[in-house]
Amino acid sequence: MSQRQVLQVFEQYQRARAQFVQAVAEFAARPQNIETLQSAGVISLLRPLLLDSVPTVQHTAALALGRLANYNDDLAEAVVKEDILPQLMYSLSEQNRFYKKAAAFVLRAVGKHSPQLAQAIVQCGALEMLVICLEDFDPGVKEAASWALGYIARHNSELSQAVVDSGAVPLLVLCIQEPEIALKRIAASTLSDISKHSPELAQTVVDAGAIAHLAQMILNPDAKLKRQVLSALSQIAKHSVDLAELVVEAEIFPVVLTCLKDSDEYAKKNGATLIREIAKHSPELSQLIVNSGGVAAVIDCIGSCRGTVRLPSIMVLGYVAAHSENLSMAVIISKGIPPLCACLIEEDEDHIKAAAAWALGQIGRHTPEHARAVAVTNVLPTLLAMYMDTHSSEDLQIKTKKALKSILQKCMYLPALEPLLHDAPLNIMKHIIGQFSKVLPHDSQARRLFVTTGGLKKVQEIKAEPGSVLQEYINIINSCYPEEIVRYYSPGYSEILLERVENYQPVL
Amino acid sequence: MAALARLQERLTELWEEYYCRNRSIDEERTIEYKAAVKIQSCFRGYRVRAYLRYLNKMAITIQKWWRGYQGRRYFRNMVETAYFIMKMNFYNEMAVRIQKWWRGYYVRKYVHNYYALKKYLEAVSLNNEIVRNQLQEYAEMMENEEKRKDLERKEKEKKYQARKMHYLLSTEQIPGIYNSPLRKSPDPMELLLRESKPLGHRLQQKKSPFSYDLYDWPTCRRPPTFSTLQPLPPIGKQKPQVTFFIFQQRHKPLEPTLRVATSIDSLEKAREEMKWEEWKNRIHDNEFLPFSSYNKNKKYDPSIIRSSKYGQEAYGTKHFREVQPKKWVVSK
Chain D
1 MSQRQVLQVF
11 EQYQRARAQF
21 VQAVAEFAAR
31 PQNIETLQSA
41 GVISLLRPLL
51 LDSVPTVQHT
61 AALALGRLAN
71 YNDDLAEAVV
81 KEDILPQLMY
91 SLSEQNRFYK
101 KAAAFVLRAV
111 GKHSPQLAQA
121 IVQCGALEML
131 VICLEDFDPG
141 VKEAASWALG
151 YIARHNSELS
161 QAVVDSGAVP
171 LLVLCIQEPE
181 IALKRIAAST
191 LSDISKHSPE
201 LAQTVVDAGA
211 IAHLAQMILN
221 PDAKLKRQVL
231 SALSQIAKHS
241 VDLAELVVEA
251 EIFPVVLTCL
261 KDSDEYAKKN
271 GATLIREIAK
281 HSPELSQLIV
291 NSGGVAAVID
301 CIGSCRGTVR
311 LPSIMVLGYV
321 AAHSENLSMA
331 VIISKGIPPL
341 CACLIEEDED
351 HIKAAAAWAL
361 GQIGRHTPEH
371 ARAVAVTNVL
381 PTLLAMYMDT
391 HSSEDLQIKT
401 KKALKSILQK
411 CMYLPALEPL
421 LHDAPLNIMK
431 HIIGQFSKVL
441 PHDSQARRLF
451 VTTGGLKKVQ
461 EIKAEPGSVL
471 QEYINIINSC
481 YPEEIVRYYS
491 PGYSEILLER
501 VENYQPVL
Chain S
1 MAALARLQER
11 LTELWEEYYC
21 RNRSIDEERT
31 IEYKAAVKIQ
41 SCFRGYRVRA
51 YLRYLNKMAI
61 TIQKWWRGYQ
71 GRRYFRNMVE
81 TAYFIMKMNF
91 YNEMAVRIQK
101 WWRGYYVRKY
111 VHNYYALKKY
121 LEAVSLNNEI
131 VRNQLQEYAE
141 MMENEEKRKD
151 LERKEKEKKY
161 QARKMHYLLS
171 TEQIPGIYNS
181 PLRKSPDPME
191 LLLRESKPLG
201 HRLQQKKSPF
211 SYDLYDWPTC
221 RRPPTFSTLQ
231 PLPPIGKQKP
241 QVTFFIFQQR
251 HKPLEPTLRV
261 ATSIDSLEKA
271 REEMKWEEWK
281 NRIHDNEFLP
291 FSSYNKNKKY
301 DPSIIRSSKY
311 GQEAYGTKHF
321 REVQPKKWVV
331 SK
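First to last, the protein sequences are chains D and S. Each step along the first sequence adds one to the number in this note's numbering, with nothing skipped, and position 234 is 234. Each step along the second sequence adds one to the number in this note's numbering, with nothing skipped, and position 29 is 29.
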C-alpha cells in the first residue's frame with residue numbers, strides 16, 4: 001500500500017511538472033504574456049526542467065525557452081546568461097527528434113538577434129551539435145538545425161567562417177536534395193546567408209557542389225523556394241567573374257527568365273538580382289545575357305512591377321549598357337528606354353529614380369546615335385527638373401547631373417536640347433551651348449530654327465565670365481550669325497534704339 | 001806738222017772740250033744712271049708685278065677649279081639627299097595610303113562591322129520577340145493552371161457540401177428545397193444532390209491530453225505523439241456497434257499475403273525470362289562441344305570468296321600478297 005502511495009506522489013509531481021511546462025509554452029506563444037512570464041522568473045524555473053527524466057517535459061521546456069528567446073533580445077541574452085545553452089547541448093546526441101528540434105529552435109531564437117549572441121552560441125560549441133542534427137534522418141530536425149545555422153551565419157563573415165569550419169556546407173548541400181520543400185527552402189536560404197559575406201566563403205559553397213543542385217531547383221513551382229534559390233545563386237555570383245561564370249555554366253539561362261514572369265513579386269526581384277550580379281562583371285557575360293533574350297525579359301519585368309521590386313531590373317539595363325556601345329544599342333532596340341522614362345516619372349522613392357537616371361546615362365553616353373535615342377523620348381527635361389529640385393536627395397542630384405552631362409556631351413539632336421536652354425544652371429548650360437556651337441556652324445537649317453525658337457535670344461541673355469569655356473562657345477555661336485541679328489537679340493537693344501530715337505535731331 | 005800745231009792750238013780747247021765732255025758725261029752719267037736705275041726699277045717692277053699677276057691668276061685658276069669641284073660635289077650630295085627625301089616621301093605616302101586602306105578595311109570588317117552589327121541587332125530583336133512570346137505563353141499557362149486549380153477546388157467544395165446535405169434531397173411525396181414545384185426544371189444543386197453519395201461517419205479523432213497548436217512550427221503537419229502515462233481502460237468497456245464493424249469489414253481494402261499475390265506460373269515465367277536474357281547475350285547458338293567425335297562428320301563449307309572454277313584459290317593459305325623470303329629470320 002505504501003508503495004502505491006509513494007508512487008502516487010511521484011506521479012502527481014510528474015503530472016504537475018508536465019502541466020506547468022505545457023502551460024508556460026502555450027503562454028509564451030502569445031506576446032502579451034511574455035513580460036508577465038519574464039517578471040515571474042520563468043527562465044530560471046525552466047532551466048532544471050531541461051534535464052528532466054521525462055522526455056516530454058524536456059522538449060516542451062526547450063520549446064517554451066525558444067519562444068521566449070524569440071520574442072526579444074533581452075530575453076535571449078537572459079537565456080545565454082543563465083548558462084542554459086551548455087545544458088541544452090549536454091545530452092543532445094542521445095535525445096529524440098522532438099528534443100533536437102526544440103533545441104535547434106532555441107538556438108535559432110537566440111542567434112537571430114545580434115552578432116554577440118550568435119558569438120556566444122558559437123563559443124558554447126553549439127555548431128558541432130547543429131551539425132549532428134543536420135545528419136539526423138528526420139527532415140524537421142534538419143530544417144530546424146539549418147535554420148539556426150542560417151541565422152548565425154547571417155550576421156558577419158567570422159560567424160559564417162565558423163559555420164563553414166564546422167563542416168556544415170556539404171550537409172546543407174545534401175539537405176537541398178531532400179524531397180521536402182520546406183527543408184529545401186531553409187537549406188537554400190542558409191547557403192545564401194553563408195556565401196554572401198566573402199568570395200572565399202562563396203567558393204567553399206561552390207566546391208561542395210551546390211550550384212548544380214540550386215540550378216535544378218529554379219524550375220520548382222514553389223514560389224518561396226524559388227526566392228531562396230535565386231537569392232543563393234546571386235550571392236554566390238556577385239563576388240567575382242569566375243564565380244559568376246561558374247553559375248552561368250550551370251545552364252541557368254534561359255530558364256531563369258521564366259522566373260521573371262513568376263506571379264510572386266520577390267521571385268521576380270531575386271531573379272533580376274541574379275541577372276544583375278552576373279551582368280555587372282564583364283562584357284562577355286552581358287553579351288551572353290543579351291544573346292539569350294534576357295534583356296527583353298528584364299524590360300517586361302520593369303513594366304510589370306512597381307516599387308523596389310523594379311530596382312534590380314533597372315540596374316541590369318544600366319550594367320549591360322555600360323560595358324560597350326553594341327550592348328547599349330542592343331538595349332535600345334529592345335525598347336528599353338520607354339520603361340526607364342516611365343520609372344523616372346512614376347516612382348516616388350529617390351533611390352529608384354537615381355538608378356533609372358544612372359541607367360539612362362549609361363545607355364546614352366556612347367555615341368551621338370545613342371544620345372539621340374535617349375533624347376528623342378523627351379526625358380532630358382525630366383532629368384533636369386530632378387536635378388534642380390531642392391527636395392531631391394543628394395544621391396539623386398549627383399546621378400542626374402552625371403547622366404545629363406554624359407548624354408549632353410554626345411547629343412547632336414538639337415530639338416531635344418532647346419527646351420533645356422531655358423532652365424538649365426550654368427554648369428549644364430556649358431555643355432548644351434557647347435553642343436550647339438559644334439552643330440550650328442555647319443547646318444544652316446539648324447541656324448534658322450535656332451533663331452526662330454528663341455534660342456539665340458536666350459544665348460545672349462547668358463552672362464558668362466570672359467575667358468571661360470562658356471564664353472568661347474557663345475562667341476562661336478555669335479560668329480555664326482550676322483552682327484545685326486546678334487545685336488538685335490542682345491538684351492537692352494530696345495533701350496539702345498529708344499536712346500537713339502531720343503538723341504536724333506530731325507532734319508527739317 | 002801743221003796738223004799738229006793746229007791740234008796743239010786746239011789742245012786746250014780740246015782739253016776743255018774733253019774736260020767739258022767728261023764733265024757733262026759725268027754729270028749726265030748720274031742722271032743717266034738714275035734714269036737707268038729708274039727704268040730698270042720700273043721694268044723690274046713691271047716684271048715682278050707681271051709675275052705676281054701671273055701667279056695670282058694661276059692661284060685663282062686653281063682655286064676656281066677647286067671651288068667649282070667642291071661646289072659640284074656638294075651640289076651632287078644635295079641633289080642626292082633631295083632625291084632620297086623625295087623618294088622617301090613618296091614611299092611614306094604610299095605606305096600611308098596602304099595603311100589607311102588596311103586600317104579602314106580591318107576596322108570595318110572586324111571591329112565595327114556595320115552590317116554584322118546590324119544583323120546582330122536584328123537577330124537580338126527577333127530573339128527578344130521569341131523570348132517574349134515564350135514567356136507570355138508560360139505566364140498564361142501558369143495563370144490557366146491557377147484558374148484550373150481554383151475551379152477544381154470550388155468544385156470539390158461544392159461536391160462536399162452536397163454530400164453533407166444529402167438529406168435535402170427531394171422524395172416522391174415532399175419536394176426538397178432545391179426542387180420547388182413552381183420551377184420548370186430542378187435546380188442544379190438538386191441534380192448534384194441526386195448524384196452524390198452520402199458521407200459516412202467520421203472516424204473519432206483521438207485527442208491526446210497534451211495536444212496544442214504549434215504556432216511557430218512550419219513543418220509539423222500532425223501534432224507530435226507523446227508518450228503519456230495513460231490510465232488503463234476500465235474493465236466493463238462497451239463493445240462497438242456490430243453494424244458499424246461489419247460496414248468497416250466490408251469496405252476494408254484487400255491486403256493479400258505474398259504467397260497469395262504471386263501467380264502460379266511465376267517460376268516458369270522467371271525461368272523463361274532468364275533463358276531469353278541469356279539468348280540475348282549470346283553471340284551464336286552453337287553449343288561448345290569439346291569432344292572431337294562430335295565434329296568428325298562435319299562437312300567443310302568452302303568460302304565463296306576463295307573458290308574458283310577449278311578448285312580453291314591458294315590465296316590466303318598458300319600465298320599472301322607479299323612474301324619476302326630474304327627477310328625471313330629463320331631460314332629453312
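These are computed hints drawn from the structure, not numbers from a lab. Do not take every clue at face value.
Straight-line alpha carbon distances no greater than 27 Å define the calculated BS3-like cross-link-like pairs of lysine-lysine that follow [what the hints assert, rightly or not]:
hint, chain 1, residue 1, chain 2, residue 2
1, D, Lys335, D, Lys224
2, S, Lys118, D, Lys280
3, S, Lys164, D, Lys410
4, D, Lys224, S, Lys147
5, D, Lys280, D, Lys401
6, D, Lys458, D, Lys410
7, S, Lys149, D, Lys335
8, S, Lys149, S, Lys164
9, S, Lys119, D, Lys335
10, S, Lys252, S, Lys197
11, D, Lys224, S, Lys164
12, D, Lys280, S, Lys252
With the C-beta cut set under 7 Å, the calculated list includes, among others, these residues of chain D facing chain S [stated by the list, open to error]:
hint, residue
13, Ser2
14, Thr258
15, Ala297
16, Pro338
17, Ala342
18, Ile345
Quick reminder that beta carbons are idealized off the backbone N, C-alpha and C, glycines included.
**Report entry** Restraint status (C-alpha distance of Lys224 of chain D to Lys164 of chain S at most 27 Å)
**Finding:** Status violated; Cα separation ~36 Å.
Query raised in the report: When the nearest CB of chain S is found for Ala342 of chain D, is that gap smaller than 7 Å?
Result: With a closest approach of 18 Å, the Ala342 of chain D hint is violated.
Query raised in the report: Given the proposed pairing of Lys164 of chain S with Lys410 of chain D, does the C-alpha separation stay at or below 27 Å?
Result: 75 Å, violated
Requested in this report: Answer holds if the nearest beta-carbon of chain S is closer than 7 Å to that of Ser2 of chain D; otherwise answer violated.
Outcome: Violated. Min distance 20 Å.
Query raised in the report: Is the Cα-Cα distance between Lys280 of chain D and Lys252 of chain S 27 Å or less?
Result: Roughly 64 Å separates the two Cα atoms, so the pair is violated.
Query raised in the report: Holds or violated: is there a CB of chain S closer than 7 Å to the CB of Ile345 of chain D?
Result: 24 Å, violated
Query - Interface hint for Ala297 of chain D, Cβ within 7 Å of any Cβ on chain S - result: 6 Å, holds
**Report entry** Pair hint Lys335 of chain D and Lys224 of chain D, alpha-carbon separation not exceeding 27 Å
**Finding:** 31 Å, violated
Query raised in the report: Taking 7 Å as the limit, does the beta-carbon of Thr258 of chain D come near enough to a beta-carbon in chain S?
Result: Holds: closest Cβ of chain S sits about 5 Å from Thr258 of chain D, inside 7 Å.
Query raised in the report: When you check the alpha-carbon spacing of Lys252 of chain S and Lys197 of chain S, does it fall within 27 Å?
Result: 18 Å, holds
Query raised in the report: Between Lys149 of chain S and Lys335 of chain D, does the CA-CA distance stay at or below 27 Å?
Result: 36 Å, violated
Requested in this report: Please work out if Lys118 of chain S and Lys280 of chain D have their alpha carbons no farther apart than 27 Å.
Outcome: 25 Å, holds
The structure is inconsistent with the numbered hints 1, 3, 7, 11, 12, 13, 16, 17 and 18, although it conforms to all the rest.
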